[in-house]
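From first to last, the protein sequence lines stand for chains A and B.
Here the working numbering is used: position 228 in the first sequence is 228, and no number is missing along the way.
Each number in the working numbering comes from the position in the second sequence (counting from 1) with 1000 added on.
Derived by calculation from the structure, the hints in this document are not laboratory data.
Hints may contain errors.
[To be verified] So, partial list: chain A residues that the calculated Cβ filter (under 7 Å) puts toward chain B: (1) VAL70; (2) PHE145; (3) GLU151; (4) ARG266.
No residue lacks a Cβ here, since even glycine has one placed at the ideal position from N, Cα and C.
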Amino acid sequence: MGTLRLGVGSSPLRTEHERLIRTALRRGAEDDLPEIPEGLRLEGISPLARRISIEAWRARALHEHQSSCVFSRLLPQLIEAEASIEYKTVVLRAAMDELRHASLCMHVVRYLGGEPVIEASLATEALPEHPNRTPRERVLRNVIFASCMSETVSTSLLAEERELTTEPRIQRIVEQLSADEILHAKLGWALLEEWLPQLTEDEREGLSRYLPVAFGVIEQKMLHAMPIGAPFPAELREELRGLGAMEGSEGREILYAVLESVVAPRLEELGLPGMRAWKERRTT
Amino acid sequence: MTSPIRLRALRAAQVASLSVGLASTLGCPTTTDSDTGAQQPDAFVLADSSVAVDAFASADAATASDSPIAADAGATDAGIVDDAAVADVGNVSDAGCVASPPVTQECCVLEGGFWDEASMFCAIAVPGPFVPPTLSA
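Kindly produce the complete structure, drawing on both the sequences and the hints.
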């Protein structure tokens, strides 16, 4: 167990950190980076919605923070696979985005009246090496899973949340998360499209063998991340939606719709057996 | 019947999957990016893909009716776990936790949710990218 706090420290690197946020992670001249000033607290919501939404945003902060490692660990694999430099810079940007998102999620926790601290396991997992496969196939396997599958589903989840969130400050933050997620998904699709025509027959077959496992495991992990509780009463559901919190059942509907009607067909279009892999998905 | 919001959410995923260069995403301000779902013209989808503009009108129909899994997702989630492909949950905590709503506090916590004791609700968060599975061959 560890304690996650995302406030900026007072080290000499503070200024550089702030400069990075203002410049490198900015998406365009019009991008007004969302921040929620310290000390501001949202009033006028029910105690129950406050409690549930605080926990949902805490959970999100933890997910975002830990997932920065997935992207940063893709860098050595992209280097070994001789990827061009834009993939390497964008993958690091994605890792920084995730850290930034974690911090924004903690802003929401604080705004909702929660303590911006998380006690949780902070252990991180290494990326698979896929022994005996080429560097190119190895990184493509990991990118297909993390970016083309996981982040494409998240793109839809966040797009829906963005539309349902009504609280203006929280809405700005969901917009930022949603915008970044699109790039994180695109990273994988772009790499896949560029490299697929260059793969050897053996590499292509290796990827095809991997797809059913990737689909099975993403389904499994997403379902576990979106547990179903007792359905929220309609009034509470609306209130929570307005605060950027979604019910597990809604998330699951999106998960299936995206994997089945976006990811699998797109893989198929690119020349991989996406539809068959989806039907034959398995976890081992 | 899929709601317009859901259709736009799916379209956002579709746009992300298209073969647009990374630069086009990086170069767009947040307003463009974040409006992909809600206001992005369909031309954007068309221009970058062979996927038809209204793919989701039909794709959703397929999702809703052709797939027992998707149909279950919309109605009762029990069907999802009955699916053989998901039944073998391997390294995750407890298959039973996914099987039958409502979840218990234990399942909620095991699965990464946060249990609210007073209301007995389980809060979720959009998960970030997961660590990929390994396959030796």
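Checked hints:
A least Cβ separation of about 5 Å between VAL70/A and chain B falls short of the 7 Å threshold, and the interface hint therefore holds. About 4 Å separates the beta-carbon of PHE145/A from the nearest beta-carbon of chain B, less than 7 Å, and the hint is met. Interface restraint check for GLU151/A: the shortest CB-CB distance to chain B comes to about 5 Å, inside 7 Å, so the restraint holds. Proximity of ARG266/A to chain B holds as hinted, the smallest CB-CB distance being about 4 Å (cut-off 7 Å).
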